[in-house]
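Chemist: Listed here are the chains, written in short residue letters.
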Amino acid sequence: MNTMKWLVKREFWEHKGGFFWTPLVVGSIIALGTAASAITGLVMKSKHGMNINGQQVTNLSGVIEPEQHAQIVNAISQGYIAAAAPLFMVMAVVIFFFCLGTLFDERKDRSVLFWKSLPVSDGETVLSKLAMALVAAPLITLAFGIITSILVLLIAVISGATTGLNLAGVFANPATYLAPFKILAVLPVYLVWALPTAGWLMMVSAWARTKVFLWAVGVPLLTAGLLAWFDAMFDFNWDIEWFFKNIVLRGLLSLVPGAWFGFVDPPGGMHIDDNHSFDFTVLVVQSWKTLAYAHAWIGAAVGAGMIYAATRLRRWKDEG
Amino acid sequence: MSAVISARNLSKRYGKSVAVDNISFEIPAGRIIGLIGPNGSGKTTTLKAALGLIPFEGELKVLGLDPRTHRDELMENVCFIADVAVLPRWIRVSEAVDFVAGVHPKFDRKKAERYLANTKLKPSMKVKEMSKGMIVQLHLALVMAIDAKLLVLDEPTLGLDILYRKQFYQNLLEDYFDEEKTIIVTTHQVEEIEHILTDLMFIREGRITLSASMDEISERFVEVMVPAENVTAAKALNPIDERQVFGKSVMLFDGVPRAQVAALGETRNVGVADLFVAKMKGTYA
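Note that the protein sequences, when read in sequence, are chains A and F. Take 1 as the starting number for the first sequence in the working numbering and just add one per residue. Take 1001 as the starting number for the second sequence in the working numbering and just add one per residue.
The hints are simulated quantities; they were obtained by calculation from the structure and are not laboratory data. There's no promise every hint is true.
Output of the computed footprint for chain A on chain F, the stretches with three or more beta carbons under 8 Å from beta carbons of chain A [unchecked claim]: (1) 1069-1081; (2) 1086-1093; (3) 1096-1102.
Below 25 Å or equal to it, Euclidean Cα-Cα: the simulated SDA-like pairs (lysine to any residue) are [said to hold, decoys possible]: (4) A:K9 <-> F:L1121; (5) F:K1128 <-> A:W13; (6) A:K317 <-> F:K1122; (7) F:K1122 <-> A:D109; (8) F:K1111 <-> F:L1065; (9) A:K108 <-> A:A208.
Virtual Cβ for every residue (Gly too), placed ideally from N, Cα, C.
With the rest of the complex left out, here is chain A (with noise of 0.2 Å):
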């Protein structure tokens, strides 16, 4: 008996579209638009050719220096991925709205009403839909964004094959291998920085009873207003940049990945590297770094907070 396995499964079922078919089509459309821009390129090299420094060239072989080729297949195995961004900003709109759907749309067509003749508790239920926003939903991202990025890979290789330019060796390069996991040692500091939108998404979710959306943003939004004047009506000299952005767009915006770059700065940057190509080993210490900072801790902690009221205002809330 795994009762989470099914609980998630059931979202999943749910919420199909938005999981499933929603990144396979961003990344079916990327991969398509860079073949149509790669075909284009071709399109055009064969009527004009190549300008290069001023250079009219048909072939790259012999134009550019074994030095700048090695850079460029590096760059290409370290920053493929970056193909897979796209899908991972779509998906934290999905994981959105989600979340403010997902204990209101079950009482507002009464099915809640059959979740809860079945065994399963409000804390299982709750945590379970936490798993499919935080978890599943990332992973799947994540597998959607690695056949993306091979399928602009083998793109870029066979159209730089056309033009005499060799970049076959990327698939010696251990970087493009390790590219994947590189996004897979990001997501456990995803978990803790979107806790607190994930928290408040859901507890408004479980309370509203109707317009689930004014109050989630609406609210915040409101609050900000209002404190900014009475701020200025009665010159209290509250820091109101301070309350905008860590309580209300901490609250809203930290199901986007990276947004936690936006709050804490750790100490190193997010340089480019001698070899002029982003390296995601970057990405991926950085973003553990950030976890070193009580802001990341405090709105994990919030939003479980949060969620724990979700859960009790699923077991107790009455709608008569």
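Could you slot chain F onto chain A? The hints should help.
Modeler: Here is chain F on its own, set in the frame of chain A:
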């Protein structure tokens, strides 16, 4: 055998209005109880309290457990259909069966599939593609395959046509009910279920106005067709209800010996519906 449900001084208030007013009752095992009352009488609230869906005052034990603190445990042995068509609209028949099989230790998948095979439901069908009657069939298939001790049905057939309604109760009686199980059912279609009930409970304005077994009811209550010449004599026995049918008075007596009323006219057992109307007189006045 201890009681399946025992309530003592059970109350539930919504603000100032009292939905359930200090009621006490016991429901033994192996019964089919009809909980009958007008709209807003507190039926659903009582059931919700027993199912651990709402907080309440007083003492209430279901299968020996407090539904407020032991709800998760309780739900392994209690099953309910609260209202029609609460199955999620997106779910497929196969998914519903898989899910319940996955989370319910007492679910017999074969039984559910056997039952579904007798309906027009296909495994790939989604709830949103089904008629209300089909949704209830699916729900019943899931519920009947669960070997629970207590089944609570709150208006399970509301809005269904007579074919679905008959079939629903027939299945319940033939394939589900046994002396180990207890079924509590509320419905407005009293006439349709009276032959399957073993016990009757009337509830009005949050209070229980009648609680008896069907045998007790046929002993206690008797309806008499009183010819005009006997009306005065009959009225002296304090009938609880009187109506006119084809110029004759039909009077309902509570606790008057049969031999005594038989002298006044033709007697017969009272239907639950007529008894209900008599007991609930003035509810909406």
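Chemist: Taking the hints in turn, state whether each one holds.
Modeler: The hints, checked one at a time:
Given a C-beta distance limit of less than 8 Å, the hint that chain A covers the stretch 1069-1081 of chain F holds, as 8 residues qualify and 3 suffice. Counting residues of the stretch 1086-1093 of chain F whose beta-carbon sits less than 8 Å from any beta-carbon of chain A gives 7, enough to reach three: the coverage restraint holds. With a threshold of 8 Å between beta carbons, the proposed coverage of the stretch 1096-1102 of chain F by chain A holds, since 4 of its residues qualify and at least three are required. The hinted pair formed by K9 of chain A and L1121 of chain F meets the criterion: a straight-line CA distance of about 22 Å does not exceed 25 Å.
Proximity of K1128 of chain F to W13 of chain A is assessed by CA-CA distance (about 14 Å); at most 25 Å being required, the pair is judged to hold. Our distance criterion of 25 Å between C-alpha atoms is broken by K317 of chain A and K1122 of chain F, whose separation comes to about 35 Å. With a C-alpha separation of about 23 Å, the suggested pairing of K1122 of chain F with D109 of chain A holds against the 25 Å cut-off. Only pairs whose Cα atoms come within 25 Å are accepted, and K1111 of chain F paired with L1065 of chain F is rejected, the gap being roughly 28 Å.
Annotation: proposed proximity of K108 of chain A to A208 of chain A holds, straight-line Cα distance about 10 Å (limit 25 Å).
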